[in-house]
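As given, the protein sequences belong to chains W and C, one line each in that order.
Count along the first sequence starting at 1, add 44, and that's the number in this note's numbering.
Count along the second sequence starting at 1, add 20, and that's the number in this note's numbering.
Each hint should be verified, as a subset may be incorrect.
Only pairs whose alpha carbons sit at most 25 Å apart, straight line, appear in this in silico SDA-like list of lysine to any residue [to be verified]:
#1 W/Lys53 <-> W/Glu116
#2 W/Lys101 <-> C/Val47
#3 C/Lys131 <-> W/Pro83
Taking beta-carbon pairs under 7 Å as the criterion, some of the chain C residues facing chain W (in silico) [unchecked claim]:
#4 Gly61
#5 Ile63
#6 Ser65
#7 Met68
#8 Ala96
#9 Pro99
#10 Ala110
#11 Leu120
#12 Phe122
#13 Lys124
I should point out that these hints are in silico values taken from the structure, not numbers from a laboratory.
Think of the CB as a built atom: it goes at the ideal place given N, C-alpha and C, for glycine as much as any other residue.
One letter stands for each residue in the lines below.
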Amino acid sequence: NAGVTQTPKFRILKIGQSMTLQCTQDMNHNYMYWYRQDPGMGLKLIYYSVGAGITDKGEVPNGYNVSRSTTEDFPLRLELAAPSQTSVYFCASSFYPGPSSYEQYFGPGTRLTVT
Amino acid sequence: KNEVEQSPQNLTAQEGEFITINCSYSVGISALHWLQQHPGGGIVSLFMLSSGKKKHGRLIATINIQEKHSSLHITASHPRDSAVYICAVALPYGGSQGNLIFGKGTKLSVKP
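Work out the full structure: start from the sequences and follow the hints.
Okay, structure coming up:
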C-alpha cells in the first residue's frame, strides 16, 4: 500500500491565484481530513469527511473548499489565495469511526507559500 | 488557554538518557494520540490510548484519565529519536467525530 499520498510537495502561489491540493489513500478508509500546520502552532483541522459525498467544516475552513466523490480521493481547493494561507498542509485518513478508536495515517505534506 | 498543553516545548538530551514528555488536557476525551513528526516533516502515529499504558520498543505511553494527563517516555534515547512529539486528543464519539485537538509539540534533540 502507498498509504496517503499528497501532491504537490511544494508550491508557490501569487495572491489571488487558485489551486487544488490532491490527496489519495489506498487503505479504504472512510474518514479523511485536511489539516494545516503553522510554525509554532498545533495542527488545525480545515475540513473532514466521513465518507464519499459527506464533508464537514473543521476549525479553520474559511478560504477553502473540499469534495469527496470517491472513497480514495479528498482534494482541497484554495480559492483566491492569501498570504495567511501560507502553511504546511497535511492530509490524513483513518478507519471508521475515526480518532476515538483508530490511529490516523498522514500524508507527507504540501508546503505552500503565498506571496 | 489551549485545550492541550505539552511540556517541555524543547528538550535536549544526551544519548542514553531517559526522556519524559508530558501532555495535559482540559476537555473530556475518548482517546489520546501520540504522534512523531520527523525533521523532514512526515507525521506518524506512535500510540492511541484511552486508559492505562502502552509500550512499543523503547517507547512507553501512559494516561491518567482522572488527572487528564498523559506522558510519553523514551528509554535509552538515541539521536534517531530526535523529532517533534505531538499529543492530540479525540473528542468523545457522538461529538465532532472528525476532530482531534493537537498540542503544539515538543521538540526533542538527542545528542550523541
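Structure-based check of all given hints:
1. Between lysine 53 of chain W and glutamate 116 of chain W the alpha-carbon distance is near 19 Å, which keeps this suggested pair within the 25 Å criterion.
2. Between the alpha carbons of lysine 101 of chain W and valine 47 of chain C the distance comes to roughly 20 Å, so the proposed pair stays at or under 25 Å and holds.
3. Between the alpha carbons of lysine 131 of chain C and proline 83 of chain W the distance comes to roughly 24 Å, so the proposed pair stays at or under 25 Å and holds.
4. The criterion of a C-beta within 7 Å of any C-beta in chain W is met by glycine 61 of chain C, whose closest approach is roughly 5 Å, and the hint holds.
5. The beta carbon of isoleucine 63 of chain C comes within 4 Å of a beta carbon in chain W, closer than 7 Å, and the hint placing it at the interface holds.
6. With 7 Å as the threshold, the beta carbon of serine 65 of chain C comes within range of chain W, its nearest partner Cβ sitting at about 4 Å, so the hint holds.
7. Taken as an interface hint, methionine 68 of chain C checks out: its beta carbon lies about 5 Å from the nearest beta carbon of chain W, inside 7 Å.
8. Using the Cβ-Cβ criterion of 7 Å, the hint placing alanine 96 of chain C at the interface with chain W is not satisfied: the shortest such distance is roughly 25 Å.
9. Below 7 Å, beta-carbon pairs count as interface contacts, and proline 99 of chain C has none with chain W, the closest being about 22 Å; its hint is therefore violated.
10. Nearest Cβ of chain W to the Cβ of alanine 110 of chain C: about 4 Å, under the 7 Å cut. The hint holds.
11. Interface hint at leucine 120 of chain C: satisfied, since its Cβ lies 5 Å from the closest Cβ of chain W, which is below the 7 Å cut-off.
12. At a threshold of 7 Å, the smallest CB-CB gap from phenylalanine 122 of chain C to chain W is about 4 Å, leaving the interface hint in force.
13. Taken as an interface hint, lysine 124 of chain C checks out: its beta carbon lies about 5 Å from the nearest beta carbon of chain W, inside 7 Å.
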